[in-house]
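Asks: Here is how the chains run, residue by residue.
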Amino acid sequence: MAKKSPESNAVGLNFEETELTLGLPGESRDPKSGTKRGFSETVDLNLGGSGGGEAKDGNCNGDPSENEVSVAVKPPTAKAQVVGWPPVRSYRKNVMTKTGKYVKVAADGAPYLRKVDLEMYNSYQQLLGALEEMFTCFTIRDYLNERTINDPVNGSEYVPAYEDKDGDWMLVGDVPWKMFVESCKRLRLMKGSKAIGLAPRTPPQCSSTSC
Amino acid sequence: MDPKRSRNSHESVNSSESTRFPDEVLERVLSLLTSHKDRSSVSLVCKDWYNAERWTRTHVFIGNCYSVSPEIVVGRFPAIRSVTLKGKPRFSDFNLVPENWGADIHQWLVVFAEKYPFLEELRLKRMTVTDESLEFLATSFSYFKAISLMSCDGFSTDGLAAIATHCKNLTELDIQENDMEDNGGGWLSCFPENFTSLEVLNFASQQGDVSFDALEKLVDRCKSLRVLKVDKYVKLEQLHRLLVRAPQLTDLGTGNFQQELTPRQCAELESAFSNCKNLHTLSGLWDATSLYFPVLYSACGRLTFLNLSYAALQSGDLAKLLPHCPNLRRLWVLDTVEDEGLEAIGSSCPLLEELRVFPAAPFDLDINRGVTESGFIAVSRGCPRLHYVLYFCRQMTNAAVATIVQNCPDFTHFRLCIMNPGQRDYLTGEPMDEAFGAVVKTCTKLQRLAISGLLTDLTFEYIGKYAKNLETLSVAFAGSSDWGMQCVLRGCPKLRKLEIRDSPFGNAALLSGLAKYESMRSLWMSACNVTMNACKLLAREKPRLNVEVMKDDETDSQVDKVYVYRTIAGPRRDAPPFVLTL
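In order, the protein sequence lines correspond to chains A and B.
Just so we're aligned, residue 1 is where the first sequence starts under our numbering, counting upward by one.
Just so we're aligned, residue 1 is where the second sequence starts under our numbering, counting upward by one.
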């Protein structure tokens with residue numbers, strides 16, 4: 001489909017030879033050839049498929065040797081940013097600082113979930129305080145500050161845990177606040193008895209109702 | 001007051017040819033022409049008309065500051081009162097042009113100060129403007145009235161202070177979307193007590209507090225003020241105080257729209273808005289939520305342009321507001337409104353002509369929120385007069401675009417940005433060629449096009465074949481080979497600006513436009529496959545083009561960035577070391 005231009009021969013430069021194509025192993029020859037060094041290194045090689053649904057990709061498992069000059073590049077695990085893309089002016093970038101980082105909060109035993117905007121808080125203390133207000137019947141064990149507020153009626157404590165980007169469930173409070181905000185996908189307030197696995201080895205205080 | 005001029009250049013009015021139009025009449029007629037394109041045509045008719053035109057021109061528009069020199073401009077047009085200048089290539093907005101590239105206004109001002117002492121207006125876009133230059137401007141032109149800076153850099157609020165201090169006849173101070181350093185809001189106090197002529201004041205892009213007291217007094221005494229755009233540090237209750245002093249405003253940019261107000265304050269604000277009978281444009285609205293929208297309702301019926309691109313509204317918020325705005329022609333929103341919000345637009349704004357949907361979190365790669373093709377379709381169904389769109393999205397289909405342009409065949413500006421580079425039609429897995437094919441086939445009036453998604457040469461074949469009115473084309477991560485770019489260069493007779501990044505176009509493509517570049521304003525190619533040899537050849541063959549190359553690596557023959565533009569001023573003398581003019 002790509003026509004050969006007459007100029008390439010006229011100028012005496014053979015461009016086809018130097019044309020690079022990029023291909024992942026097993027992928028059929030994609031008409032989009034690799035463009036520039038720099039670009040190919042910085043962008044996730046998702047180019048053969050769509051951003052979201054990969055299912056309909058027309059991969060016919062073509063012979064890799066079909067590619068002219070195949071550069072098998074290992075796709076980076078996380079998508080990297082491209083300079084100046086998307087084309088949004090810098091003043092607009094600076095203006096939109098707050099979009100909010102809302103995460104779901106589930107509490108064992110509560111009939112519905114809540115959502116909190118992690119960007120509204122500057123510390124674990126503030127966050128846990130807010131969560132306590134949201135789920136007023138529960139008390140939340142705060143390992144970081146060695147706080148254990150016992151609720152006289154219920155007498156049970158909740159351990160705050162979160163799911164991180166890798167899908168693992170972690171105890172809230174181990175990493176610096178900003179790192180936590182970045183990696184937290186959802187929160188869960190686990191009932192004391194279920195949270196045995198998350199309890200630290202040497203808890204600051206061992207209350208009688210949990211552990 | 002006309003400058004003195006000699007009549008030597010004119011042929012004698014007393015010539016026996018009674019059919020000749022007397023110069024005075026010709027000049028009188030020509031002075032009524034305002035469009036610079038018309039004037040350009042007039043000047044080409046004959047020498048008499050060229051002269052008559054140049055004497056009567058009061059406004060000059062220079063689309064590329066390096067296409068001509070200040071000396072040439074003042075030499076040709078002696079009576080200029082108003083200058084519009086554009087500098088850096090558009091991709092500089094996205095950090096593709098290094099700092100200190102050029103487009104500094106200062107040398108222009110020095111020449112103007114000598115030849116245009118009566119200069120009144122200066123409008124700059126993508127130029128470097130220092131505080132020293134602003135001070136020089138303010139002190140060199142006693143009749144100066146209007147300054148507009150869009151997407152400029154190099155200055156701070158100190159420069160604004162100089163303008164406020166010295167320009168006694170200022171009517172317009174319009175600072176839009178700039179990289180302006182903030183040295184405090186005291187510059188507003190620099191307007192003298194007896195200064196009352198201001199009509200336009202826009203400091204929305206300021207990043208800090210202003211002296212509100214000074215602002216309030218200024219608004220109070222400038223009874224002709226019709227455009228007021230404040231920055232986001234002005235609070236709601238302060239806005240109220242401004243509005244009651246300026247009910248004549250036609251164009252308002254609010255400050256922060258989120259503040260705890262008492263019911264009484266709310267009522268007062270609502271009353272202030274309803275008294276603004278001439279208000280047709282509303283912007284600002286930082287951090288706005290639907291909570292205080294009701295104060296706007298009385299004014300919304302008159303609005304023709306609403307800029308909500310600083311307010312992260314949800315679909316429900318927009319759905320509440322828009323039914324009050326049936327007369328909107330132009331609407332800018334963030335993609336936080338999602339498809340549902342766009343559906344509200346389709347059902348509430350039948351007169352809509354322009355829609356821009358900006359991404360709230362463009363650099364957040366994990367997000368899947370935002371708008372999709374269905375929102376766009378919804379708007380196209382409800383707004384048949386739509387002719388300008390800028391749309392940032394994360395997914396699109398060929399079928400959707402085909403439907404959209406069928407509903408709205410009058411597009412003049414179609415700028416679609418699918419944010420993941422090289423992304424396919426997410427339903428069929430095909431490239432997005434047919435989408436843009438549909439656009440150029442259906443929209444015969446198309447002047448400006450920006451393409452995105454996975455695109456092969458077929459897209460460019462379509463563009464070259466059908467887009468006969470296309471003037472500006474923006475290309476990124478697209479195309480398969482030189483053939484694509486060649487199609488466009490051969491097929492689009494009205495092409496003026498072509499900007500390309502990260503696409504596989506090489507020397508053959510570049511050189512195929514040899515005959516065309518002089519009819520264009522400029523060509524930009526970055527991260528393509530162009531080498532030094534081809535650029536040198538182009539420069540050699542076309543001496544009236546400036547071929548400027550920016551290279552990262554000294555030794556490599558690969559060219560990172562090349563900027564080609566026509567000029568009558570020769571190679572520029574202020575090129576920084578990283579720019580090679582071939």
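Bear in mind the hints are in silico, worked out from the structure with no lab data behind them.
There may be inaccurate statements among the hints.
As the list claims (entries may be wrong) - Pairs of lysine-lysine, DSS-like flavour, derived with a Cα cap of 30 Å:
#, chain 1, residue 1, chain 2, residue 2
1, B, K494, B, K465
2, B, K465, B, K168
3, A, K115, A, K101
4, B, K494, A, K101
5, A, K104, B, K47
6, B, K223, B, K145
7, A, K115, A, K185
8, B, K223, B, K441
9, A, K191, A, K178
10, A, K115, B, K497
11, A, K191, A, K165
12, B, K217, A, K101
13, B, K497, B, K465
14, B, K320, B, K47
15, A, K115, B, K235
Asks: Please go over all the hints and tell whether each is borne out by the structure.
Replies: Comparing the hints with the structure gives:
1. Our distance criterion of 30 Å between C-alpha atoms is met by B:K494 and B:K465, whose separation comes to about 13 Å.
2. This hinted pair does not check out: B:K465 and B:K168 have alpha carbons roughly 54 Å apart, beyond 30 Å.
3. With a C-alpha separation of about 10 Å, the suggested pairing of A:K115 with A:K101 holds against the 30 Å cut-off.
4. Distance check on the hinted pair: B:K494 and A:K101 sit about 47 Å apart at the alpha-carbon level, beyond 30 Å; violated.
5. A distance of roughly 75 Å separates the Cα atoms of A:K104 and B:K47; the hinted pair therefore is violated under the 30 Å criterion.
6. Distance hint between B:K223 and B:K145 is fulfilled; the C-alpha atoms sit about 16 Å from each other, no more than 30 Å.
7. Distance hint between A:K115 and A:K185 is fulfilled; the C-alpha atoms sit about 11 Å from each other, no more than 30 Å.
8. A distance of roughly 50 Å separates the Cα atoms of B:K223 and B:K441; the hinted pair therefore is violated under the 30 Å criterion.
9. Restraint check for A:K191 and A:K178: the C-alpha separation of about 26 Å stays at or below 30 Å, so the hint holds.
10. Restraint check: the Cα-Cα separation between A:K115 and B:K497 comes to about 48 Å, which exceeds 30 Å; the hinted pair is violated.
11. The hinted pair formed by A:K191 and A:K165 meets the criterion: a straight-line CA distance of about 23 Å does not exceed 30 Å.
12. Between B:K217 and A:K101 the alpha-carbon distance is near 40 Å, which puts this suggested pair outside the 30 Å criterion.
13. For the hint pairing B:K497 with B:K465, the CA-to-CA distance comes to about 18 Å; that is within 30 Å, so the pair holds.
14. Among the hinted pairs, B:K320 with B:K47 is inconsistent with the structure: their alpha-carbon atoms are about 61 Å apart, more than 30 Å.
15. Taking the CA atoms of A:K115 and B:K235, the gap is near 28 Å; set against the 30 Å cutoff, the hint holds.
The structure fails hints 2, 4, 5, 8, 10, 12, 14 (numbered hints given earlier, in ascending order).
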